[in-house]
Every structure is written in C-alpha cells, then in structure tokens.
Amino acid sequence: MPIRPGRDQSVDKTFTDGTTPKTPIATHPISSAIIAILVAGSILCTLIVPIYASTTPKIGDWPFFYFYLLAAIPFVVVALCVAVLLQRRLETAGESAEAGE
Amino acid sequence: MSNVNATTFTIVIVLFALVTLVGFAAARWRRAEDMLQLDEWGLGGRRFGTFVSWFLIGGDLYTAYTFIAVPALIYASGSIGFYSVSYVIMAYPIAFIFLPRLWSVSRVHDYVTPADFIRGRYGSRSLALANAVTGILATLPYVALQLVGIQAVLSVMGVGTSSTSTWLKDLPLFIAFVVLAIYTFVSGLRAPASIAFVKDTLVYVFVIVAVFYIPAKIGGWGHIFGVAQTHFTSVNPATGKPFGTFIPTTKKTGSTQFDFATLALGSALALFIYPHAVTGTLATKSRGTIKRNLVLLPVWGVLLGLIALFGYMALADPVTAEKVKKSGNAQLAVPYLLQHMFPSWFAGVAFAAIIIGALVPAAIMSIGAANLFTRNIFKEYVRPSASPKLETRVSKWASLVVKFGALLFALELPHTFSINLQLLGGIWIMQTFPMLVGGLFTRWFHRWALLAGWLAAMIYGTLAAYNTSSPTASHWAASSDIVFGVSIYIGIAAFIVNAAVAVILTLVLRAFKVAEGADETRPYQYTAAAKPAAVLVPAQAGPLPAQPPMSRSQ
Chain Z
1 MPIRPGRDQS
11 VDKTFTDGTT
21 PKTPIATHPI
31 SSAIIAILVA
41 GSILCTLIVP
51 IYASTTPKIG
61 DWPFFYFYLL
71 AAIPFVVVAL
81 CVAVLLQRRL
91 ETAGESAEAG
101 E
Chain B
1001 MSNVNATTFT
1011 IVIVLFALVT
1021 LVGFAAARWR
1031 RAEDMLQLDE
1041 WGLGGRRFGT
1051 FVSWFLIGGD
1061 LYTAYTFIAV
1071 PALIYASGSI
1081 GFYSVSYVIM
1091 AYPIAFIFLP
1101 RLWSVSRVHD
1111 YVTPADFIRG
1121 RYGSRSLALA
1131 NAVTGILATL
1141 PYVALQLVGI
1151 QAVLSVMGVG
1161 TSSTSTWLKD
1171 LPLFIAFVVL
1181 AIYTFVSGLR
1191 APASIAFVKD
1201 TLVYVFVIVA
1211 VFYIPAKIGG
1221 WGHIFGVAQT
1231 HFTSVNPATG
1241 KPFGTFIPTT
1251 KKTGSTQFDF
1261 ATLALGSALA
1271 LFIYPHAVTG
1281 TLATKSRGTI
1291 KRNLVLLPVW
1301 GVLLGLIALF
1311 GYMALADPVT
1321 AEKVKKSGNA
1331 QLAVPYLLQH
1341 MFPSWFAGVA
1351 FAAIIIGALV
1361 PAAIMSIGAA
1371 NLFTRNIFKE
1381 YVRPSASPKL
1391 ETRVSKWASL
1401 VVKFGALLFA
1411 LELPHTFSIN
1421 LQLLGGIWIM
1431 QTFPMLVGGL
1441 FTRWFHRWAL
1451 LAGWLAAMIY
1461 GTLAAYNTSS
1471 PTASHWAASS
1481 DIVFGVSIYI
1491 GIAAFIVNAA
1501 VAVILTLVLR
1511 AFKVAEGADE
1521 TRPYQYTAAA
1531 KPAAVLVPAQ
1541 AGPLPAQPPM
1551 SRSQ
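Residue numbers (my numbering), protein chains in the order written: chain Z, 1 to 101; chain B, 1001 to 1554.
Everything labelled a hint here was simulated from the structure, so no lab data went into it. For clarity, every value in this text was computed on a predicted model and none was experimentally measured. Incorrect hints may have been included.
Derived pair list, reagent style SDA-like, types lysine to any residue, alpha-carbon separation capped at 20 Å [unchecked claim]:
no., chain 1, residue 1, chain 2, residue 2
1, B, K1251, Z, L47
2, B, K1217, Z, D61
3, Z, K58, B, L1018
4, Z, K58, B, Y1460
5, Z, K58, B, V1205
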C-alpha cells in the first residue's frame, strides 16, 4: 500500500522508550531564528542588487559595486560558520535532527 | 607550431605529465578491497574528508570556464559578468538549506545519483529518467566548455597545426583528452580528487601573483577601473549603443539590476543540483563534512572575483586589447594577458593551471553523467538484474562516451561566448529543482505534475534561448530574454513556468485521486548522520529496513 505522504509519521518522532521529543526548533526558538536570519541574510546580501549597484563611494581605487561583491564573501563565511555551530548546539540539546533546514 | 615559446611549452608539458602520473597513481589511493562496487569507482568509496572535499568540490565548481569565459564576458560586456561572484556567494547558503538532507537520505539508501533519490522518493521511473536525461544533457555543454578553455590557451601558445581540418587542427586538444579519458577510466573519482591538489595549488599561486603583479605593471587599479568605465559608457559605432555596462542599470532591458539578480540566483539554484556537484557531495564521508565545506567553499569566491577582473586588466593593457581585437575572440583575453605580462616560464605555470583546471571538472562531470546513465537508464530500462560489477563497467565506458560527446560539442558548435553554452545547460538543469529539492522537503507535489512542469519548462527554456538574437548572432545569442518588457534570465522564467504547472496539476491530480506512487524514504532519514547498521551489508535496494530507533545526528 502506498504511503500517503505527510500522514501517519508519528512513529518517526518516537524514541525507543516511547517518549516523543520536542522538536529542536521548539526547544531553541532563538537559535533557530538566528540560523534562519544568517542563512537568509547570506543569500539576500548580493541578491538585492540595488544595495550595491553604484560606482560611489569609492574604496581606494575600487568602485563600490566591485568592492562590495568581494567584501561580502568573508561575511558570508562567518555567517555560515556561526549557523553551523548553532545547529550543532540544537542537535545536542534537541536530541534529534537539525532545525533550520 | 612556428611561434611556440619553448620555455612556456616545456613547463606546460612537464606539469601535464605530472598530473597524468598522479591520475594513474590515484587508482591505488585508499584503495578498497572491492573495487567493483559503483560507489568505489564513481564516488571514491564515499570516504573523502573535509580537506580533500574542499579541493575536490572547489576544483569541480571553479573550472576552466571560470578562468576563460567569465573574464571574457567581462571584457566584452562589463559588469554583467560579475554576476558570477554574486552567484557563488548565494550558492552556498542555498545549498546549506538542502544539501545535508540530500547527503543523509542518499547515504541511508545508497543512492549514487540524484535520479536514484527521485526514483525512491516518488516511486516513479519516468521522473527519474527525466532527471537523468536532463543531467546528462546539461553536463555535455559544461564538459565542452572545459575543452573550449583548453583550446583558448593552446591557440595563444601557438600550439596546433595549420591544417584546415577541424580534427587535425585540434590534435593537441584531442591528445590531452584521450589521456584524461584513460586515467578517469582506470582510477574513477580518485583521479580528479588527487589531481585537484596540484591544480588548486597552481591556480592559487598564479592568481595571487597576478593580482599584485599585473595592476602594478599597467598603472594600478584606479587606471584599470577608469579604462573600463570609459570604454563601457562610450558608444560602439557598429551598433549605436554603448559597448556594455560598468554598473548594472535601473532600466527595463539590457544589463539591468534585475537581469543581474535573476542570472545570479538562477545559477546559484542550479549549481548544487548538477550531477557533478552531487557526485562531489555524495563522495564525502559525513554530514558534518558537507556542512564544513559549505562554510569554507565561499573562500573560492574571492579567487573568482579576482579572476573576473582579469577581463578589465586585459582591457586596460593596450597590447592585450589590440591582440584580442585582432583575433575577434574575447575568450583569448586572459591567455593573451598572461602571455604579455608574465615572463615565459610563469606564463607556462599559469597556462598549465588553466589546462589542468579544465581536466579535473571534465573528469568529475563525465563520472557524474556516466553514473546517471548506468543507474537510471541502463539498470532501470535495459538490464534490471545488473550486478554492481557490471554497473561499474558500464559507467566506465559511459564516461568515455560522455567525454567524446563533449568533444564533438566543443568542435562543432560556435565558440564565441561559450558561457552561453553552459548557461543553456544551466537553464535545463534548473528545471529539475522542483522535483529534487522540492522532494527533499515535501511529498506534496504529484509525480506526474512534476514531470509535466519539467517538460513545459524544458521546451519553453530551450525555445527562448534559441530565439535570442544579437547584432552578431541570430540565435543562441544570450541567456536573458525580455518577458513582459523586462530583461530576465531564461532559467528563472522557465522555472516559474515549471513551478506553476507543477502546483496547478498537483491540485488537479489530487482532486482526481491519481495514484501517487510509493515513497521508500522516511522523514528521519533526511537528517541521519550515518547509515543505520541494519542496512550496512546489502548494497542493492531491497525491502525497507525495520524502523531503527531515532538516530542522533553526528
């Protein structure tokens, strides 16, 4: 019998001792929100082109547009790094799967 | 072969010979007892750690296309080429959302290809076939692009015969390719993984030297950007329009901010659903490895941004600009720049970096496409009883076929703006996003609705790309089209068609209660850190394992 998606998954949320854990997101709402903001921010910072599509202000000899794109990279690296560390905290505390995915 | 610089040529040959040795020796690297499982040849035994994966995936994603076509686009059109920097920045946070889930479910079920997952998730052979065919089609121009990169370097080096026959003229390219084909055949994914070290080291050295050395030699960054700005805002007498744009505009058509953003977003969505990117991902040993790599891989973006600026450097150097103008081929901008700026021995190092930089991804791409063919076409439709040994053999031969298919692609199709070739592949592969990434999060979509959405978008995207024209080309001229009066990347436009069809048909098919197919995956498997012990032994798909206790990630 085909499994109806999205239904009857209660079994998946049960430990062997029969208890049902709280989801990691419910346990750590603030960490989960920070992860979501970090990941969304990493995407939006270069997706929203009007933020940086201008020649001025110049940074040294570099027009702003070109400087911004290269300068965004270290910020994305740091943001994703923090997101990974926060997820690890959720996993150990929430006893189960990662949130924010 | 009259005006070949002996020093440059010798350095290139020596480095090429070195990676060939490494490629063959790789067969012995971390060799498994049973080389006949497809995971061994096709995924390097799924054992690569963070360090190796960073080089492998980096070497895989930043290709000869990066070194040749991106600066070529910037040289010819200006700021729009910088979409590539925005795109690699976005690709990793996007992948961060779905890639760990794909890794986990693939590890639990021993999936080798993205189509394996789709087969298991939707219980649909045809949807898996659609994914496999798209993957193979999208990979061919991508491999071809690597060849175009090698060709550009070879032609500037003066290597090649003066024969008018295409095949004889490109004999050196042909030889390089045969060597690549043989060691990939022998060593599988281990070959590009080990060559990637050599390649990436050469690339980092030459780019870092170049970004300090070249601007100092031609008058500094201020001069480089100044020349570019003047050039792209001046009017081209041939077309009566500016040569390009220095900053994306706020107009409705042309190189607009919206066009820039959709191009970057579309490419970013597509990056990690390419078969070769999935191959690199599934070859890692743990879920943590994937995450750590997604954090560290954007570092490559800095390199890409600097390489992109070679386009402006070429424009600012009068000798290089004159040579490129004479050849009429913007792809030669970087090779000419390096040749003119560097002493011949260092030009040799840089050229070797580009040539080897083409071989690594070409090998991984052909392996990814070959795995798709073997698992989702051959095993599914031709020989369902195929043993792992036969699968491996078929995959090896298929990787050869893919490479020579790409060679045909590269030699027969026009070369100008080879970036558009890859963008056509990007338009196609993006249409597998709803079935693949959608499927990682929800089973809401109906399998036939996904198939219909895919088909509609493939047809629309291909026609739209075909119909683009420019003053110099009547077809396949651009990756962006004007929809409702606004310039937009065709991949995104087709993706919207795709998603709309999938949503509407899902509602219709559900209303008529059309069978949805069996789903062999379970929610907890999408976050699993490792394979449950119960299914460690049999590699083939069998009945579902008994429900294990909830696994603790990592």
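### Message
Check the structure against each numbered hint from earlier and tell me which ones fail, lowest number first.
### Response
As far as the earlier hints go, 3, 4 and 5 are violated by this structure, in ascending order.
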